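A.B. asks: Now for the letters of each chain:
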Amino acid sequence: MKTLTFLARSGPVGSSRPKALLDMVLSAAVFEQKINFIFLDDGVYQLLPDQDPARLAAKNVSSALPALELYGVDKVYVDTESLQKRGLSGRPLLISAKACNADEVRSLLADADMVFGL
Amino acid sequence: MIISLVIHGAPGTTQGAQTALSFCQAALAAGHQIYRLFFYEDGVHNAHALAVWPQDERDLHADWAALIRANKLDAVVCVASALKRGVLNDEEASRYEKPAASLDAGFDISGLGQWVDACLHSDRVVSFGV
Numbered sequence: 087m088k089t090l091t092f093l094a095r096s097g098p099v100g101s102s103r104p105k106a107l108l109d110m111v112l113s114a115a116v117f118e119q120k121i122n123f124i125f126l127d128d129g130v131y132q133l134l135p136d137q138d139p140a141r142l143a144a145k146n147v148s149s150a151l152p153a154l155e156l157y158g159v160d161k162v163y164v165d166t167e168s169l170q171k172r173g174l175s176g177r178p179l180l181i182s183a184k185a186c187n188a189d190e191v192r193s194l195l196a197d198a199d200m201v202f203g204l
Numbered sequence: 276m277i278i279s280l281v282i283h284g285a286p287g288t289t290q291g292a293q294t295a296l297s298f299c300q301a302a303l304a305a306g307h308q309i310y311r312l313f314f315y316e317d318g319v320h321n322a323h324a325l326a327v328w329p330q331d332e333r334d335l336h337a338d339w340a341a342l343i344r345a346n347k348l349d350a351v352v353c354v355a356s357a358l359k360r361g362v363l364n365d366e367e368a369s370r371y372e373k374p375a376a377s378l379d380a381g382f383d384i385s386g387l388g389q390w391v392d393a394c395l396h397s398d399r400v401v402s403f404g405v
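One line per chain: the protein sequences are P and R, in this order. Numbering of the first sequence is given in our numbering, commencing with residue 87 and proceeding in unit increments. Numbering of the second sequence is given in our numbering, commencing with residue 276 and proceeding in unit increments.
Misleading hints may appear alongside valid ones.
Said to hold, decoys possible - Think about it this way: if two alpha-carbon atoms lie no more than 20 Å apart in a straight line, the pair counts; the simulated SDA-like pairs of lysine to any residue are:
1) P/K88 x R/K359
2) R/K359 x R/S377
3) P/K105 x R/S385
4) P/K120 x R/S377
5) P/K88 x R/L358
6) P/K88 x R/I277
7) P/K105 x R/I277
8) R/K359 x P/L195
9) P/K145 x R/V401
10) P/K145 x R/L358
11) P/K161 x P/I181
12) P/K120 x R/G388
13) P/K120 x R/Q389
14) P/K88 x R/Q293
15) P/K105 x R/M276
16) P/K88 x R/R360
17) P/K105 x R/H396
18) P/K161 x P/K184
19) P/K184 x P/L156
20) P/K145 x P/K161
21) P/K145 x R/K359
22) P/K145 x R/S385
23) P/K120 x R/D398
24) P/K88 x R/S377
25) P/K88 x R/A355
26) P/K120 x R/R399
27) P/K88 x R/D392
28) R/K359 x P/I181
29) P/K88 x R/M276
30) R/K359 x P/K184
31) P/K105 x R/Y371
Claimed, not checked - Footprint (simulated), chain R over chain P, 3 or more residues, beta carbon under 8 Å:
32) 111-119
33) 149-163
34) 183-191
Think of the hints as simulated: they come from the structure by calculation, not from any bench. Being a predicted model, the structure only gives us computed values, none of them experimental. Where is the CB? At the ideal position from N, CA and C, for every residue including glycine.
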């Protein structure tokens with residue numbers, strides 16, 4: 087078993103990156119790897135509830151995030167500085183994510199066997 | 276060292292695919308083993324056998340195909356990424372009743388399970404064109 091750490095750094099709309107990363111996370115989960123999933127930079131927007139991208143003819147990728155728990159992905163983190171910079175501190179989030187600072191992100195990256203970010 | 280590559284970038288659009296090819300060549304020249312090339316998202320365009328490039332531009336697909344053949348590399352395109360970009364082998368083209376197959380014979384179509392497998396069996400998995 088390996089520790090795979092994923093960095094969600096892109097907003098929920100505008101590109102296929104969030105979906106591509108989530109597919110990687112869920113695939114790794116199916117094969118029962120140890121997973122850390124970190125939301126930072128614009129990726130923190132993925133955690134906002136009540137998104138409605140239907141008018142963009144886009145699917146709501148974030149609506150799949152609650153499934154992470156069913157896949158056994160429970161090490162979910164959100165970077166507090168990214169939230170602060172975007173005026174999102176204290177906002178309710180779609181799924182529970184452990185608040186972490188830059189030092190904690192650094193140590194998660196250092197402890198990972200592999201890191202993937204999109 | 277055992278290395279796998281994840282290639283996200285399309286040829287000619289961003290630098291990533293070109294850098295991945297150079298990295299792969301350098302790694303092989305240095306005696307490392309390439310366990311798998313995994314082409315994901317726009318990266319699947321590297322496997323497109325029907326692309327025609329101007330003579331004064333590098334045909335990255337041809338270079339990948341040659342490298343894969345010469346070194347017997349395991350090259351996989353992600354099926355979900357490939358189908359929606361029209362990168363189809365004979366089997367998929369006929370399954371979806373499309374007029375042509377476009378996947379170079381040196382590449383296989385498979386799923387993200389092959390990427391997880393590459394993570395398990397490689398010392399390093401390096402992403403390009405993210």
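A.B. asks: It remains to establish, for every hint, whether it holds in the given structure.
C.D. replies: Going through the hints against the structure:
| no. | hint | in the structure |
| --- | --- | --- |
| 1 | P/K88 x R/K359 | violated, 31 Å |
| 2 | R/K359 x R/S377 | holds, 12 Å |
| 3 | P/K105 x R/S385 | holds, 18 Å |
| 4 | P/K120 x R/S377 | violated, 37 Å |
| 5 | P/K88 x R/L358 | violated, 30 Å |
| 6 | P/K88 x R/I277 | holds, 15 Å |
| 7 | P/K105 x R/I277 | violated, 28 Å |
| 8 | R/K359 x P/L195 | violated, 33 Å |
| 9 | P/K145 x R/V401 | violated, 29 Å |
| 10 | P/K145 x R/L358 | holds, 18 Å |
| 11 | P/K161 x P/I181 | holds, 11 Å |
| 12 | P/K120 x R/G388 | holds, 15 Å |
| 13 | P/K120 x R/Q389 | holds, 17 Å |
| 14 | P/K88 x R/Q293 | violated, 29 Å |
| 15 | P/K105 x R/M276 | violated, 31 Å |
| 16 | P/K88 x R/R360 | violated, 31 Å |
| 17 | P/K105 x R/H396 | violated, 25 Å |
| 18 | P/K161 x P/K184 | holds, 8 Å |
| 19 | P/K184 x P/L156 | holds, 18 Å |
| 20 | P/K145 x P/K161 | violated, 25 Å |
| 21 | P/K145 x R/K359 | holds, 15 Å |
| 22 | P/K145 x R/S385 | violated, 24 Å |
| 23 | P/K120 x R/D398 | holds, 16 Å |
| 24 | P/K88 x R/S377 | violated, 35 Å |
| 25 | P/K88 x R/A355 | violated, 25 Å |
| 26 | P/K120 x R/R399 | holds, 16 Å |
| 27 | P/K88 x R/D392 | holds, 11 Å |
| 28 | R/K359 x P/I181 | violated, 30 Å |
| 29 | P/K88 x R/M276 | holds, 17 Å |
| 30 | R/K359 x P/K184 | violated, 35 Å |
| 31 | P/K105 x R/Y371 | violated, 24 Å |
| 32 | 111-119 | holds (count 5) |
| 33 | 149-163 | violated (count 0) |
| 34 | 183-191 | violated (count 0) |
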